[in-house]
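Construct the complete structure from the given sequences, taking the supplied hints into account.
What the sequence shown shows, in UniProt numbering, is residues 1 to 375, in sequence order.
Because the hints were derived from the structure by calculation, they are not lab data. One should not assume that every hint holds.
[To be verified] Here are the simulated DSSO-like pairs of lysine-lysine, each with C-alpha atoms no more than 30 Å apart in a straight line:
{"hint": "1", "residue 1": "K122", "residue 2": "K314"}
{"hint": "2", "residue 1": "K58", "residue 2": "K328"}
{"hint": "3", "residue 1": "K122", "residue 2": "K8"}
{"hint": "4", "residue 1": "K122", "residue 2": "K311"}
{"hint": "5", "residue 1": "K311", "residue 2": "K329"}
{"hint": "6", "residue 1": "K299", "residue 2": "K311"}
{"hint": "7", "residue 1": "K280", "residue 2": "K58"}
[Stated by the list, open to error] Cβ-Cβ distance ranges computed for the label pairs, FRET-style:
{"hint": "8", "residue 1": "D300", "residue 2": "R219", "range": "21 to 29 Å"}
{"hint": "9", "residue 1": "T188", "residue 2": "D84", "range": "19 to 27 Å"}
{"hint": "10", "residue 1": "S21", "residue 2": "I275", "range": "46 to 54 Å"}
{"hint": "11", "residue 1": "D14", "residue 2": "R219", "range": "41 to 49 Å"}
Virtual Cβ for every residue (Gly too), placed ideally from N, Cα, C.
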Amino acid sequence: MHTVSFPKLGLSFDLNPVAFSIGSINVTWYGIIIAAGILLALLMAFKNCKRFGVNGDKLVDVVIGGLIGGVVGARAYYVIFSWDQYKDNLSAIWHTWEGGMAIYGGVIGAFLVGGIIARIHKMRILPVMDLAALGFLIGQGVGRWGNFVNGEAFGSNTDLPWGMTGDRIVAYLSDADNISTLTQLGVTVDPNAPVHPCFLYESIWCLLGFVLLYLYSKRRRFDGEIFLMYLGWYGFERMIVEGLRTDSLLIGNIRVSQLLAGLLFVACVIVWFVIHSKIKAAHDDNYLKCYAYTEQFEKDEADYAALQALKADKEKWKAEKARRRAEKKAAKAGKQEEQPANEESPAEAAETPAAVEEGAESPAEEKQQAPEEKA
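What follows is the structure in C-alpha coordinates.
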(Lines of atoms letter the chains of each structure in order from A and count residues from 1; the text may use other names and numbers.)
(Lines give C-alpha, C1' and ligand atoms only; values in the text may rest on other atoms or scores of the structure.)
Protein backbone atom coordinates (compact mmCIF):
# COMPACT_ATOMS: atom_id res chain seq x y z
CA MET A 1 0.00 0.00 0.00
CA HIS A 2 1.26 3.50 -0.81
CA THR A 3 -0.13 7.00 -1.16
CA VAL A 4 -0.25 9.36 -4.15
CA SER A 5 -1.58 12.88 -3.67
CA PHE A 6 -2.15 16.09 -5.59
CA PRO A 7 -1.74 18.70 -2.81
CA LYS A 8 -2.99 21.78 -4.65
CA LEU A 9 -6.07 19.90 -5.86
CA GLY A 10 -6.78 18.47 -2.44
CA LEU A 11 -6.73 14.89 -3.76
CA SER A 12 -5.12 11.90 -2.08
CA PHE A 13 -5.24 8.21 -3.00
CA ASP A 14 -4.23 5.16 -0.97
CA LEU A 15 -3.19 2.62 -3.59
CA ASN A 16 -2.53 -1.09 -3.36
CA PRO A 17 -0.74 -2.32 -6.51
CA VAL A 18 -2.16 -5.82 -5.91
CA ALA A 19 -5.80 -6.13 -6.98
CA PHE A 20 -6.30 -9.66 -5.61
CA SER A 21 -4.46 -12.91 -5.08
CA ILE A 22 -5.06 -16.44 -6.29
CA GLY A 23 -3.12 -18.66 -3.94
CA SER A 24 0.46 -17.38 -4.04
CA ILE A 25 -0.10 -15.50 -7.30
CA ASN A 26 -0.74 -11.76 -7.04
CA VAL A 27 -2.82 -10.13 -9.78
CA THR A 28 -1.75 -6.49 -10.00
CA TRP A 29 -3.66 -3.42 -11.09
CA TYR A 30 -0.78 -2.68 -13.44
CA GLY A 31 -1.45 -5.89 -15.35
CA ILE A 32 -5.22 -5.41 -15.28
CA ILE A 33 -4.96 -1.87 -16.64
CA ILE A 34 -2.54 -2.91 -19.39
CA ALA A 35 -4.90 -5.77 -20.32
CA ALA A 36 -7.86 -3.36 -20.41
CA GLY A 37 -5.96 -1.06 -22.77
CA ILE A 38 -5.13 -3.97 -25.05
CA LEU A 39 -8.74 -5.19 -25.03
CA LEU A 40 -10.08 -1.76 -26.02
CA ALA A 41 -7.47 -1.52 -28.76
CA LEU A 42 -8.50 -4.92 -30.13
CA LEU A 43 -12.19 -4.03 -30.13
CA MET A 44 -11.42 -0.89 -32.12
CA ALA A 45 -9.17 -2.77 -34.54
CA PHE A 46 -11.62 -5.56 -35.38
CA LYS A 47 -14.46 -3.09 -35.75
CA ASN A 48 -12.50 -1.01 -38.28
CA CYS A 49 -10.85 -3.74 -40.37
CA LYS A 50 -12.77 -2.92 -43.54
CA ARG A 51 -12.02 0.80 -43.27
CA PHE A 52 -8.32 -0.01 -43.60
CA GLY A 53 -8.55 -2.92 -46.03
CA VAL A 54 -7.54 -5.55 -43.48
CA ASN A 55 -9.00 -9.06 -43.38
CA GLY A 56 -10.42 -9.64 -39.90
CA ASP A 57 -9.86 -13.40 -39.86
CA LYS A 58 -6.19 -13.07 -40.73
CA LEU A 59 -5.77 -10.21 -38.27
CA VAL A 60 -6.34 -12.60 -35.35
CA ASP A 61 -2.98 -14.32 -35.89
CA VAL A 62 -1.25 -10.97 -36.41
CA VAL A 63 -2.67 -9.68 -33.12
CA ILE A 64 -1.58 -12.74 -31.15
CA GLY A 65 1.94 -12.54 -32.56
CA GLY A 66 2.05 -8.78 -32.09
CA LEU A 67 1.03 -9.03 -28.43
CA ILE A 68 3.75 -11.56 -27.70
CA GLY A 69 6.32 -9.53 -29.61
CA GLY A 70 5.20 -6.34 -27.88
CA VAL A 71 5.51 -7.73 -24.35
CA VAL A 72 8.90 -9.31 -25.06
CA GLY A 73 10.16 -6.20 -26.84
CA ALA A 74 8.97 -3.81 -24.12
CA ARG A 75 10.61 -5.84 -21.37
CA ALA A 76 13.82 -6.47 -23.33
CA TYR A 77 14.22 -2.76 -24.13
CA TYR A 78 13.82 -1.84 -20.46
CA VAL A 79 16.16 -4.55 -19.18
CA ILE A 80 18.87 -3.72 -21.73
CA PHE A 81 18.98 -0.07 -20.70
CA SER A 82 18.61 -0.89 -16.97
CA TRP A 83 21.08 -3.76 -16.89
CA ASP A 84 22.72 -2.67 -13.63
CA GLN A 85 19.36 -3.25 -11.95
CA TYR A 86 19.15 -6.88 -13.13
CA LYS A 87 22.69 -8.17 -13.61
CA ASP A 88 22.91 -9.46 -10.03
CA ASN A 89 19.34 -10.79 -9.94
CA LEU A 90 18.51 -12.29 -13.33
CA SER A 91 15.29 -13.90 -12.12
CA ALA A 92 13.84 -10.39 -11.63
CA ILE A 93 13.84 -9.98 -15.42
CA TRP A 94 10.65 -12.05 -15.53
CA HIS A 95 8.84 -10.00 -12.88
CA THR A 96 6.88 -7.94 -15.39
CA TRP A 97 4.02 -7.40 -12.94
CA GLU A 98 6.33 -5.09 -10.98
CA GLY A 99 6.51 -2.68 -13.91
CA GLY A 100 9.50 -1.93 -16.07
CA MET A 101 8.15 -1.94 -19.63
CA ALA A 102 9.43 0.45 -22.31
CA ILE A 103 6.91 1.50 -24.95
CA TYR A 104 9.45 1.89 -27.76
CA GLY A 105 10.58 -1.69 -27.25
CA GLY A 106 6.94 -2.75 -27.30
CA VAL A 107 6.29 -0.92 -30.57
CA ILE A 108 9.38 -2.42 -32.20
CA GLY A 109 8.59 -5.96 -31.01
CA ALA A 110 4.91 -5.81 -31.90
CA PHE A 111 5.41 -4.44 -35.41
CA LEU A 112 8.32 -6.79 -36.12
CA VAL A 113 6.54 -10.01 -35.12
CA GLY A 114 3.12 -8.85 -36.33
CA GLY A 115 4.62 -7.76 -39.65
CA ILE A 116 6.25 -11.15 -40.20
CA ILE A 117 2.97 -12.96 -39.54
CA ALA A 118 1.09 -10.55 -41.81
CA ARG A 119 3.61 -11.29 -44.57
CA ILE A 120 3.16 -15.03 -44.06
CA HIS A 121 -0.60 -14.55 -44.50
CA LYS A 122 0.10 -12.46 -47.63
CA MET A 123 -1.52 -9.39 -46.10
CA ARG A 124 -0.63 -5.84 -47.11
CA ILE A 125 1.64 -4.57 -44.35
CA LEU A 126 0.94 -0.83 -44.46
CA PRO A 127 -2.84 -1.02 -43.86
CA VAL A 128 -2.18 -3.36 -40.93
CA MET A 129 0.32 -0.86 -39.51
CA ASP A 130 -2.20 1.98 -39.84
CA LEU A 131 -4.79 0.02 -37.90
CA ALA A 132 -2.23 -1.06 -35.30
CA ALA A 133 -1.10 2.55 -34.78
CA LEU A 134 -4.58 3.56 -33.64
CA GLY A 135 -4.63 0.55 -31.34
CA PHE A 136 -1.32 1.59 -29.81
CA LEU A 137 -2.65 5.05 -29.01
CA ILE A 138 -5.59 3.53 -27.13
CA GLY A 139 -3.38 1.01 -25.35
CA GLN A 140 -0.84 3.63 -24.31
CA GLY A 141 -3.48 6.13 -23.24
CA VAL A 142 -5.14 3.61 -20.94
CA GLY A 143 -2.01 1.68 -19.96
CA ARG A 144 -0.23 4.73 -18.52
CA TRP A 145 -2.61 4.61 -15.57
CA GLY A 146 -0.82 1.44 -14.54
CA ASN A 147 2.18 3.69 -13.86
CA PHE A 148 -0.03 5.82 -11.62
CA VAL A 149 -1.02 2.82 -9.52
CA ASN A 150 2.64 1.80 -9.24
CA GLY A 151 3.71 5.34 -8.33
CA GLU A 152 6.11 5.69 -11.27
CA ALA A 153 6.65 7.65 -14.52
CA PHE A 154 6.88 11.05 -12.81
CA GLY A 155 9.05 14.07 -13.51
CA SER A 156 10.98 16.85 -11.83
CA ASN A 157 9.53 19.43 -9.46
CA THR A 158 6.68 21.68 -10.55
CA ASP A 159 4.50 24.45 -9.10
CA LEU A 160 1.61 23.62 -11.43
CA PRO A 161 -1.77 22.91 -9.80
CA TRP A 162 -1.65 19.24 -10.78
CA GLY A 163 1.76 18.52 -9.27
CA MET A 164 1.81 15.15 -7.49
CA THR A 165 3.72 13.55 -4.66
CA GLY A 166 3.70 10.28 -2.74
CA ASP A 167 5.76 8.06 -0.48
CA ARG A 168 7.23 6.05 -3.37
CA ILE A 169 8.10 9.26 -5.20
CA VAL A 170 9.83 10.67 -2.11
CA ALA A 171 11.73 7.40 -1.58
CA TYR A 172 12.90 7.29 -5.21
CA LEU A 173 14.08 10.90 -5.28
CA SER A 174 15.84 10.48 -1.92
CA ASP A 175 17.85 7.47 -3.07
CA ALA A 176 21.57 8.27 -3.30
CA ASP A 177 22.09 6.49 -6.63
CA ASN A 178 19.13 8.27 -8.22
CA ILE A 179 20.32 11.63 -6.90
CA SER A 180 23.74 10.97 -8.43
CA THR A 181 22.19 10.09 -11.81
CA LEU A 182 20.01 13.22 -11.82
CA THR A 183 22.99 15.37 -10.85
CA GLN A 184 24.89 14.06 -13.89
CA LEU A 185 21.94 15.20 -16.02
CA GLY A 186 22.03 18.62 -14.38
CA VAL A 187 18.69 18.05 -12.62
CA THR A 188 18.15 19.07 -9.00
CA VAL A 189 14.99 17.94 -7.23
CA ASP A 190 13.39 18.38 -3.84
CA PRO A 191 12.05 14.92 -2.87
CA ASN A 192 9.32 16.46 -0.71
CA ALA A 193 7.99 18.89 -3.33
CA PRO A 194 5.34 18.03 -5.98
CA VAL A 195 6.54 16.67 -9.32
CA HIS A 196 5.19 16.50 -12.88
CA PRO A 197 2.68 13.64 -13.40
CA CYS A 198 4.31 12.52 -16.67
CA PHE A 199 2.04 9.48 -16.90
CA LEU A 200 -0.95 11.84 -17.06
CA TYR A 201 0.58 13.99 -19.80
CA GLU A 202 1.22 10.96 -21.97
CA SER A 203 -2.19 9.41 -21.31
CA ILE A 204 -4.02 12.58 -22.37
CA TRP A 205 -1.74 13.08 -25.40
CA CYS A 206 -2.23 9.51 -26.66
CA LEU A 207 -6.02 9.53 -26.24
CA LEU A 208 -6.24 12.91 -27.97
CA GLY A 209 -4.02 11.54 -30.74
CA PHE A 210 -6.34 8.57 -31.19
CA VAL A 211 -9.38 10.81 -31.63
CA LEU A 212 -7.62 13.10 -34.13
CA LEU A 213 -5.99 10.35 -36.19
CA TYR A 214 -9.17 8.27 -36.21
CA LEU A 215 -11.10 11.21 -37.64
CA TYR A 216 -8.32 11.95 -40.13
CA SER A 217 -8.14 8.31 -41.24
CA LYS A 218 -11.24 8.85 -43.39
CA ARG A 219 -9.23 11.37 -45.44
CA ARG A 220 -5.87 9.61 -45.48
CA ARG A 221 -4.09 9.74 -48.84
CA PHE A 222 -1.86 6.67 -48.76
CA ASP A 223 -1.42 3.40 -46.87
CA GLY A 224 0.97 3.84 -43.97
CA GLU A 225 0.05 7.50 -43.41
CA ILE A 226 -1.67 6.91 -40.06
CA PHE A 227 1.30 4.88 -38.83
CA LEU A 228 3.67 7.62 -39.95
CA MET A 229 1.59 10.27 -38.21
CA TYR A 230 1.41 8.14 -35.06
CA LEU A 231 5.19 7.94 -34.86
CA GLY A 232 5.46 11.70 -35.37
CA TRP A 233 2.66 12.54 -32.93
CA TYR A 234 4.00 10.32 -30.17
CA GLY A 235 7.60 11.26 -30.91
CA PHE A 236 6.85 14.97 -30.45
CA GLU A 237 5.25 14.41 -27.03
CA ARG A 238 7.89 11.96 -25.81
CA MET A 239 10.68 14.28 -26.93
CA ILE A 240 9.33 16.96 -24.55
CA VAL A 241 7.97 14.91 -21.64
CA GLU A 242 10.99 12.61 -21.47
CA GLY A 243 13.08 15.68 -20.65
CA LEU A 244 10.98 16.15 -17.50
CA ARG A 245 11.24 12.58 -16.23
CA THR A 246 13.50 11.49 -13.41
CA ASP A 247 13.52 7.79 -14.31
CA SER A 248 14.72 7.92 -17.92
CA LEU A 249 16.68 5.05 -19.45
CA LEU A 250 20.19 6.37 -20.11
CA ILE A 251 23.27 5.75 -22.20
CA GLY A 252 25.88 7.88 -20.49
CA ASN A 253 24.14 11.23 -20.07
CA ILE A 254 21.81 10.71 -23.00
CA ARG A 255 18.13 9.98 -22.46
CA VAL A 256 17.58 7.10 -24.89
CA SER A 257 13.85 7.56 -25.44
CA GLN A 258 14.16 11.33 -25.84
CA LEU A 259 16.83 10.97 -28.52
CA LEU A 260 14.85 8.30 -30.37
CA ALA A 261 11.65 10.37 -30.11
CA GLY A 262 13.33 13.46 -31.54
CA LEU A 263 14.79 11.55 -34.48
CA LEU A 264 11.45 9.88 -35.20
CA PHE A 265 9.57 13.17 -35.11
CA VAL A 266 11.92 14.90 -37.55
CA ALA A 267 12.06 11.88 -39.89
CA CYS A 268 8.28 11.45 -39.94
CA VAL A 269 7.62 15.11 -40.71
CA ILE A 270 10.08 15.04 -43.62
CA VAL A 271 8.73 11.78 -45.07
CA TRP A 272 5.11 12.95 -44.73
CA PHE A 273 5.76 16.18 -46.64
CA VAL A 274 7.80 14.40 -49.34
CA ILE A 275 5.05 11.85 -50.01
CA HIS A 276 2.31 14.48 -50.06
CA SER A 277 4.31 16.63 -52.47
CA LYS A 278 4.64 13.63 -54.81
CA ILE A 279 0.90 12.96 -54.60
CA LYS A 280 0.16 16.60 -55.41
CA ALA A 281 2.62 16.61 -58.31
CA ALA A 282 1.16 13.41 -59.79
CA HIS A 283 -2.26 15.00 -60.52
CA ASP A 284 -3.70 11.48 -60.37
CA ASP A 285 -6.41 10.44 -57.92
CA ASN A 286 -5.23 6.84 -58.12
CA TYR A 287 -1.59 7.62 -57.28
CA LEU A 288 -0.79 5.78 -54.03
CA LYS A 289 -4.50 5.20 -53.53
CA CYS A 290 -5.34 3.39 -50.30
CA TYR A 291 -5.94 -0.33 -50.80
CA ALA A 292 -9.26 -0.16 -48.92
CA TYR A 293 -10.63 2.22 -51.58
CA THR A 294 -9.69 0.07 -54.57
CA GLU A 295 -11.67 -2.50 -56.54
CA GLN A 296 -8.88 -4.98 -55.83
CA PHE A 297 -9.78 -4.98 -52.14
CA GLU A 298 -13.41 -5.82 -52.92
CA LYS A 299 -12.28 -8.60 -55.26
CA ASP A 300 -9.86 -10.02 -52.69
CA GLU A 301 -12.55 -10.02 -50.02
CA ALA A 302 -15.01 -11.76 -52.36
CA ASP A 303 -12.40 -14.38 -53.28
CA TYR A 304 -11.61 -14.98 -49.62
CA ALA A 305 -15.30 -15.37 -48.75
CA ALA A 306 -15.75 -17.85 -51.61
CA LEU A 307 -12.71 -19.80 -50.44
CA GLN A 308 -14.03 -19.97 -46.88
CA ALA A 309 -17.42 -21.17 -48.15
CA LEU A 310 -15.65 -23.82 -50.17
CA LYS A 311 -13.69 -24.95 -47.11
CA ALA A 312 -16.95 -25.30 -45.22
CA ASP A 313 -18.00 -27.98 -47.72
CA LYS A 314 -15.35 -30.60 -46.96
CA GLU A 315 -15.93 -32.72 -50.07
CA LYS A 316 -15.75 -29.76 -52.45
CA TRP A 317 -12.70 -28.40 -50.65
CA LYS A 318 -10.99 -31.79 -50.88
CA ALA A 319 -11.66 -31.86 -54.64
CA GLU A 320 -10.46 -28.26 -54.99
CA LYS A 321 -7.18 -29.02 -53.21
CA ALA A 322 -6.65 -32.05 -55.46
CA ARG A 323 -7.30 -29.89 -58.54
CA ARG A 324 -4.81 -27.27 -57.36
CA ARG A 325 -2.15 -29.88 -56.67
CA ALA A 326 -2.67 -31.33 -60.15
CA GLU A 327 -2.35 -27.87 -61.71
CA LYS A 328 0.88 -27.19 -59.85
CA LYS A 329 2.27 -30.59 -60.81
CA ALA A 330 1.37 -30.08 -64.48
CA ALA A 331 2.86 -26.59 -64.49
CA LYS A 332 6.08 -27.87 -62.94
CA ALA A 333 6.32 -30.72 -65.46
CA GLY A 334 5.67 -28.30 -68.32
CA LYS A 335 8.53 -26.04 -67.24
CA GLN A 336 10.94 -28.96 -67.14
CA GLU A 337 9.98 -30.18 -70.65
CA GLU A 338 9.74 -26.77 -72.24
CA GLN A 339 12.72 -25.74 -74.40
CA PRO A 340 13.00 -22.92 -76.92
CA ALA A 341 12.47 -24.13 -80.50
CA ASN A 342 15.85 -22.83 -81.65
CA GLU A 343 17.81 -24.17 -78.67
CA GLU A 344 20.18 -27.07 -79.38
CA SER A 345 21.15 -29.74 -76.94
CA PRO A 346 24.87 -29.94 -75.95
CA ALA A 347 25.29 -33.09 -78.07
CA GLU A 348 23.81 -31.43 -81.16
CA ALA A 349 25.96 -28.37 -80.65
CA ALA A 350 29.09 -30.54 -80.52
CA GLU A 351 28.27 -32.17 -83.90
CA THR A 352 27.76 -28.83 -85.64
CA PRO A 353 30.98 -27.30 -87.06
CA ALA A 354 31.82 -24.08 -85.24
CA ALA A 355 32.55 -22.35 -88.53
CA VAL A 356 29.03 -22.91 -89.91
CA GLU A 357 27.05 -19.68 -89.66
CA GLU A 358 23.50 -18.81 -90.51
CA GLY A 359 22.98 -18.91 -94.26
CA ALA A 360 26.14 -21.02 -94.99
CA GLU A 361 25.82 -24.10 -97.23
CA SER A 362 26.76 -27.57 -96.10
CA PRO A 363 29.38 -29.62 -98.07
CA ALA A 364 26.60 -31.90 -99.41
CA GLU A 365 24.73 -28.94 -100.84
CA GLU A 366 27.92 -27.67 -102.54
CA LYS A 367 28.43 -31.07 -104.31
CA GLN A 368 24.86 -31.06 -105.61
CA GLN A 369 25.28 -27.58 -107.07
CA ALA A 370 28.68 -28.23 -108.70
CA PRO A 371 27.37 -30.09 -111.88
CA GLU A 372 24.86 -27.35 -112.48
CA GLU A 373 27.62 -24.77 -112.48
CA LYS A 374 29.65 -26.78 -115.07
CA ALA A 375 26.66 -27.11 -117.37
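Hints versus structure:
Only pairs whose Cα atoms come within 30 Å are accepted, and K122 paired with K314 is accepted, the gap being roughly 24 Å. Between K58 and K328 the CA atoms are separated by roughly 25 Å; this keeps the pair inside 30 Å, and the hint holds. Of the supplied pair hints, the one linking K122 and K8 is violated, its CA atoms being roughly 55 Å apart against a limit of 30 Å. Proposed proximity of K122 and K311 is supported: the alpha carbons are some 19 Å apart, at most 30 Å.
Under the criterion of a C-alpha separation no larger than 30 Å, the hint pairing K311 with K329 is consistent with the structure, at around 22 Å. Between K299 and K311 the CA atoms are separated by roughly 18 Å; this keeps the pair inside 30 Å, and the hint holds. Only pairs whose Cα atoms come within 30 Å are accepted, and K280 paired with K58 is rejected, the gap being roughly 34 Å. Hint check: D300 to R219, Cβ distance near 23 Å, so the stated range 21 to 29 Å holds.
For the pair T188 and D84, the supplied restraint of 19 to 27 Å holds, since their beta-carbon distance comes to about 23 Å. Range check, S21 to I275: Cβ separation about 52 Å, and the 46 to 54 Å hint holds. Between D14 and R219 the beta carbon distance is about 46 Å. The supplied range of 41 to 49 Å therefore holds.
Hint compliance for this structure: hints 3, 7 are not met, and every other hint is.
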